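Listed in order, the protein sequences are those of chains H and E.
Residues 1 to 175, numbered by my numbering, are exactly what the first sequence covers, in order.
Residues 176 to 308, numbered by my numbering, are exactly what the second sequence covers, in order.
Quick caveat, the hints were computed from the structure, so don't treat them as lab data.
All figures in this text were calculated on a predicted structure; none of them were measured in a lab.
One thing to keep in mind: the hints can contain errors.
As the list claims (entries may be wrong) - Once the Cα atoms are required to be at most 25 Å apart in a straight line, the calculated BS3-like pairs of lysine-lysine come out as:
hint, chain 1, residue 1, chain 2, residue 2
1, H, Lys113, H, Lys38
2, E, Lys254, H, Lys128
3, E, Lys305, H, Lys39
4, H, Lys38, E, Lys260
5, H, Lys39, E, Lys232
6, H, Lys25, H, Lys3
7, H, Lys3, H, Lys53
8, H, Lys101, H, Lys53
9, E, Lys260, H, Lys101
10, E, Lys253, H, Lys128
11, E, Lys305, H, Lys128
12, H, Lys39, E, Lys260
13, E, Lys305, H, Lys38
14, E, Lys254, H, Lys3
15, H, Lys2, E, Lys305
16, H, Lys153, E, Lys260
17, E, Lys232, H, Lys101
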Amino acid sequence: MKKVLLFIPFLGVLIVLSLFYMNLKQNPYLIPSVMINKKVPSLDAPLLLAPTKHFEASTLKGHASLVNVFASWCYSCLDEHKLLMTIAKSHQVNLYGINYKDTPKAAKALLTKYGNPYKQIISDSTGKIGINLGVYGTPETFLIDKKGIIRDKIIGPITKTTWRHRLLPEIKRYQ
Amino acid sequence: MRRLLFISLSLSLLLFSIFCFSIPKDMYPFSSHQQHVRFINLTTQLRCLVCQNQNLKDSEAPLAHDLRAQIATMIQHKKTNSQIKAYLVAHYGNYILFKPPFITTTYFLWLAPIVLFIVAIMWLLLYIVKIRH
């Protein structure tokens, strides 16, 4: 019996090491969002393509929407742009854009060059709306249900896999 | 010869005075010294979400700049430290705090050292008693 007890420290070390090993696979840059299952904060800002008008909160009501935070200075945003165009053409969800800490000129140039997948684009030149949404990097994509509640957030570019296996089922669920 | 060297050195030193024209970034107009101290203390206790082991005070990330401006505005509007922290936690989660709060998920984190210490002391006492006998 005593001999067995001597192995307790070894077991302890084994448990700690396996915990370390399991956490090696975690990405520390993915900070879980606290905004999920909360009401979408105010997105009241001018529209990029019609600066005299402001984004209306009622726009998001009645259907599931994707809100994509992007900027012309953000290279990984370009990576997902093609997929965003495909998503827009599929008409499966309403896609809105938040142009984060950008100049209207640069943003418009990007849209002319690569196409505009967004139904409406909110111009957030100061980053204030980004703070309200808890954005800490671009691109970030929020899934908002028909009642205006945030249901998911994708950090980094959307891939075909995340679109098909994560976002699309969620859109159908929250439609 | 020596005079020329002196002039050349003086001129070189004079060049450094150019930097006195550089304007420090992030100067917020606080109404009192106390507010400024609070700003420094708060931004030291908060984590930058982009450069994760840096605090908001030292970080050069654009988001850190925006959050500093936001905190400064809130201090100027007479918000308390806990109100400001609550605002940031509401948007970015407890992750933004360097010191984790004492909540259900962190009980183990906070209490484990105390529990382990008590266990170790008891173990030691038992051992001493055993040796004495």
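Hints versus structure:
no.: 1; hint: H:Lys113 to H:Lys38; verdict: violated (35 Å)
no.: 2; hint: E:Lys254 to H:Lys128; verdict: holds (18 Å)
no.: 3; hint: E:Lys305 to H:Lys39; verdict: violated (63 Å)
no.: 4; hint: H:Lys38 to E:Lys260; verdict: holds (19 Å)
no.: 5; hint: H:Lys39 to E:Lys232; verdict: violated (30 Å)
no.: 6; hint: H:Lys25 to H:Lys3; verdict: violated (36 Å)
no.: 7; hint: H:Lys3 to H:Lys53; verdict: violated (78 Å)
no.: 8; hint: H:Lys101 to H:Lys53; verdict: holds (19 Å)
no.: 9; hint: E:Lys260 to H:Lys101; verdict: holds (24 Å)
no.: 10; hint: E:Lys253 to H:Lys128; verdict: holds (20 Å)
no.: 11; hint: E:Lys305 to H:Lys128; verdict: violated (66 Å)
no.: 12; hint: H:Lys39 to E:Lys260; verdict: holds (20 Å)
no.: 13; hint: E:Lys305 to H:Lys38; verdict: violated (59 Å)
no.: 14; hint: E:Lys254 to H:Lys3; verdict: violated (62 Å)
no.: 15; hint: H:Lys2 to E:Lys305; verdict: holds (16 Å)
no.: 16; hint: H:Lys153 to E:Lys260; verdict: holds (23 Å)
no.: 17; hint: E:Lys232 to H:Lys101; verdict: holds (21 Å)
Hint compliance for this structure: hints 1, 3, 5, 6, 7, 11, 13, 14 are broken, all remaining hints hold.
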